[in-house]
Amino acid sequence: MVEQSIYPNYPKDLEMVITTSQINFFYGPTQALFDISLRIPAKHVTALIGPSGCGKSTFLRCLNRMNDTIPHSRVEGIISINQKDIYAPGTDVVELRKEVGMVFQKSNPFPKSIFDNVAYGPRIHGEKNPKRLAEIVEQSLQQAAIWDEVKDRLHANAMGLSGGQQQRLCIARALAVGPKILLMDEPASALDPKSTMRIEDLIGELRTNYTIVIVTHNMQQAARVSDYTAFFYEGRLIECDATPKIFTNPRQKQTEDYITGRFG
Amino acid sequence: MNNTADKFILFSLRLITYAIVLVVGYILLDIIKNGAPALNWQFVSTFPRRSGAEGGIFPAIVGTLYLVVGTIAVSLPLGVGGAIYLAEYADQGRFNTLIRLAIITLAGVPSIVFGLFGLGLFVLFCGFGPSILAGSLTLACMVLPTIIVASEESLRAVPKGFRDASLALGATKWEMIRTNILPYSLSGMITGSILGIGRAAGETAPILLTVAAFYLPRLPKSFFDQVMALPYHLYILATQHPEADRIRHMQYGTALVLLLLVLGLSLGAIFIRTHFRKKFRW
Numbered sequence: 547m548v549e550q551s552i553y554p555n556y557p558k559d560l561e562m563v564i565t566t567s568q569i570n571f572f573y574g575p576t577q578a579l580f581d582i583s584l585r586i587p588a589k590h591v592t593a594l595i596g597p598s599g600c601g602k603s604t605f606l607r608c609l610n611r612m613n614d615t616i617p618h619s620r621v622e623g624i625i626s627i628n629q630k631d632i633y634a635p636g637t638d639v640v641e642l643r644k645e646v647g648m649v650f651q652k653s654n655p656f657p658k659s660i661f662d663n664v665a666y667g668p669r670i671h672g673e674k675n676p677k678r679l680a681e682i683v684e685q686s687l688q689q690a691a692i693w694d695e696v697k698d699r700l701h702a703n704a705m706g707l708s709g710g711q712q713q714r715l716c717i718a719r720a721l722a723v724g725p726k727i728l729l730m731d732e733p734a735s736a737l738d739p740k741s742t743m744r745i746e747d748l749i750g751e752l753r754t755n756y757t758i759v760i761v762t763h764n765m766q767q768a769a770r771v772s773d774y775t776a777f778f779y780e781g782r783l784i785e786c787d788a789t790p791k792i793f794t795n796p797r798q799k800q801t802e803d804y805i806t807g808r809f810g
Numbered sequence: 004m005n006n007t008a009d010k011f012i013l014f015s016l017r018l019i020t021y022a023i024v025l026v027v028g029y030i031l032l033d034i035i036k037n038g039a040p041a042l043n044w045q046f047v048s049t050f051p052r053r054s055g056a057e058g059g060i061f062p063a064i065v066g067t068l069y070l071v072v073g074t075i076a077v078s079l080p081l082g083v084g085g086a087i088y089l090a091e092y093a094d095q096g097r098f099n100t101l102i103r104l105a106i107i108t109l110a111g112v113p114s115i116v117f118g119l120f121g122l123g124l125f126v127l128f129c130g131f132g133p134s135i136l137a138g139s140l141t142l143a144c145m146v147l148p149t150i151i152v153a154s155e156e157s158l159r160a161v162p163k164g165f166r167d168a169s170l171a172l173g174a175t176k177w178e179m180i181r182t183n184i185l186p187y188s189l190s191g192m193i194t195g196s197i198l199g200i201g202r203a204a205g206e207t208a209p210i211l212l213t214v215a216a217f218y219l220p221r222l223p224k225s226f227f228d229q230v231m232a233l234p235y236h237l238y239i240l241a242t243q244h245p246e247a248d249r250i251r252h253m254q255y256g257t258a259l260v261l262l263l264l265v266l267g268l269s270l271g272a273i274f275i276r277t278h279f280r281k282k283f284r285w
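Heads up: the protein sequence lines correspond to chains F and P, in order. Each number in my numbering corresponds to the 1-based position in the first sequence with 546 added. Each number in my numbering corresponds to the 1-based position in the second sequence with 3 added.
No wet-lab data here; the hints were simulated from the structure. Virtual Cβ for every residue (Gly too), placed ideally from N, Cα, C. Errors might be hidden in some of the hints.
[As the list claims (entries may be wrong)] The calculated label-pair distances, taken between Cβ atoms and stated as ranges, are:
1. Thr615/F <-> Gln243/P: 55 to 63 Å
2. Ala105/P <-> Tyr556/F: 31 to 39 Å
3. Glu695/F <-> Trp44/P: 53 to 61 Å
[Stated by the list, open to error] Lysine-lysine pairs mimicking DSS-like chemistry, simulated, CA-CA at most 27 Å apart:
4. Lys644/F <-> Lys677/F
5. Lys176/P <-> Lys697/F
6. Lys281/P <-> Lys644/F
7. Lys36/P <-> Lys163/P
8. Lys726/F <-> Lys644/F
9. Lys652/F <-> Lys10/P
10. Lys163/P <-> Lys282/P
11. Lys558/F <-> Lys652/F
12. Lys658/F <-> Lys281/P
13. Lys726/F <-> Lys163/P
14. Lys740/F <-> Lys644/F
15. Lys282/P <-> Lys674/F
16. Lys163/P <-> Lys652/F
17. Lys589/F <-> Lys630/F
18. Lys652/F <-> Lys176/P
19. Lys558/F <-> Lys589/F
20. Lys677/F <-> Lys630/F
21. Lys644/F <-> Lys163/P
22. Lys282/P <-> Lys652/F
23. Lys630/F <-> Lys658/F
24. Lys558/F <-> Lys740/F
25. Lys176/P <-> Lys674/F
26. Lys697/F <-> Lys726/F
27. Lys281/P <-> Lys697/F
28. Lys658/F <-> Lys176/P
29. Lys658/F <-> Lys36/P
30. Lys558/F <-> Lys674/F
31. Lys726/F <-> Lys658/F
32. Lys658/F <-> Lys163/P
33. Lys282/P <-> Lys176/P
34. Lys630/F <-> Lys176/P
35. Lys726/F <-> Lys282/P
[Claimed, not checked] Stretches of chain F that chain P covers, calculated by requiring three or more beta carbons in the stretch to come under 8 Å of a beta carbon on chain P:
36. 590-600
37. 740-752
38. 779-790
The following block holds chain F by itself, in its conformation from the complex:
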């Protein structure tokens, strides 16, 4: 099979948590994704790279059905998460999104207190016990490596935090719902180098417990944080492989051109 050559040789015992097969995505009449088939391994970091408009973010947003909110958009193909077709009729999107958290490009804390931001998810899912909520909030903030900075002002408005802190707060907020998978859409692209480094370190820590899919336009970042890298170009998956291999010895010419900076 010639097609298989764009996929990595995953170790045999690697558990695949997300499987997409032949995904086509349309914004109205415009097709944004063509025939994307990809498997994403559990508890690893998979980076999606490619030039602007290549469909990497669109693909990411298919994985928790955030594209549902776009009018006149349409998905074809099958996306399975934990062996369940997430676009099957009758799928509970709320349950899906509890399982698959998301962090956005622009940090978007709610104009509420730090505590209320993190407690938002658990609260809408019915957690009322104040003690349990406080536990979840602390644990999530710890995991997102921001606890020490905010523990004395949990009830201050989150808008008062710096950009990097806001983004880590958003990660904590996503973790508070208890997801297994974390989708990150260019989470550090609006941050200064130091904050970016903290986010990258955090991704390194989270990979032991979470499956992370990160979209980035920063190739160095992909090289630093990810185990596997998928290269998208013009709505197509060009190649996916172990990150060191993609960056040192890509199989496709287009990948090589992109990572060596010939376009994009």
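Please build the complex by placing chain P on the supplied structure of chain F, with the hints as guidance.
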């Protein structure tokens, strides 16, 4: 040359702006100058005597307040509900365009037409008779477009990031709206609505046919009673009264009270807005 033209345009624009201020200022000063002497406790707290040539305007103030409260109670839930539907749920399709067109048209309907509509539907067809209920419903129809437009704008001003974040955390659409859209847009909705209602409080034509009485010896007891109202009272005093020329102070006094009432509503709206702005910043 260019510089001169620039200066000329700036000068003209300034002049036009000052002219607007001048007109407003003149109206305000005229009303305050002539109305203030009539204003005293007796004027705002007693019933009119000799068809309003003497005495106070107490029942008209109460009547207008009732109408304002009634109008808010009817139009705010309807308008906000409609705005939520339009901003958050409705497809941006042809049907939506039609609804929008209807709202714009509604905003352009002359107030006397609203009065006749209210007379036909609420007073006669529904059998409410001339009453606070019929008047409030009529005024509510009139301010509905203002409220919908203001509320929709205020809903759309909430950043997309909050919506995305809520949904991504597993909120349903209504949970998202309730917890992360409405709290931030409520101040804008209320502000816009109050400004619209303030305008309606001064309308004469709609209440003329649906609620207002020339003179009532007692305050209304229920929503099915008629009331006196400031704009209508002013209209009577200024144009229908046999002694219209000799009771200028009563007319100006009534106008001033009406003005203060509307101004009070606007100030209230501004207060609400600044208060909430401080609470939710982003």
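Consistency of the hints with the structure:
no.	hint	result
1	Thr615/F <-> Gln243/P: 55 to 63 Å	holds, 58 Å
2	Ala105/P <-> Tyr556/F: 31 to 39 Å	violated, 58 Å
3	Glu695/F <-> Trp44/P: 53 to 61 Å	holds, 60 Å
4	Lys644/F <-> Lys677/F	holds, 21 Å
5	Lys176/P <-> Lys697/F	violated, 31 Å
6	Lys281/P <-> Lys644/F	violated, 32 Å
7	Lys36/P <-> Lys163/P	violated, 50 Å
8	Lys726/F <-> Lys644/F	holds, 9 Å
9	Lys652/F <-> Lys10/P	violated, 43 Å
10	Lys163/P <-> Lys282/P	holds, 19 Å
11	Lys558/F <-> Lys652/F	violated, 37 Å
12	Lys658/F <-> Lys281/P	holds, 12 Å
13	Lys726/F <-> Lys163/P	holds, 25 Å
14	Lys740/F <-> Lys644/F	violated, 30 Å
15	Lys282/P <-> Lys674/F	holds, 24 Å
16	Lys163/P <-> Lys652/F	holds, 10 Å
17	Lys589/F <-> Lys630/F	holds, 18 Å
18	Lys652/F <-> Lys176/P	holds, 21 Å
19	Lys558/F <-> Lys589/F	holds, 15 Å
20	Lys677/F <-> Lys630/F	violated, 34 Å
21	Lys644/F <-> Lys163/P	holds, 20 Å
22	Lys282/P <-> Lys652/F	holds, 22 Å
23	Lys630/F <-> Lys658/F	violated, 35 Å
24	Lys558/F <-> Lys740/F	violated, 37 Å
25	Lys176/P <-> Lys674/F	holds, 21 Å
26	Lys697/F <-> Lys726/F	holds, 25 Å
27	Lys281/P <-> Lys697/F	holds, 24 Å
28	Lys658/F <-> Lys176/P	holds, 19 Å
29	Lys658/F <-> Lys36/P	violated, 48 Å
30	Lys558/F <-> Lys674/F	violated, 43 Å
31	Lys726/F <-> Lys658/F	holds, 26 Å
32	Lys658/F <-> Lys163/P	holds, 16 Å
33	Lys282/P <-> Lys176/P	holds, 24 Å
34	Lys630/F <-> Lys176/P	holds, 23 Å
35	Lys726/F <-> Lys282/P	violated, 35 Å
36	590-600	violated (count 0)
37	740-752	violated (count 0)
38	779-790	violated (count 0)
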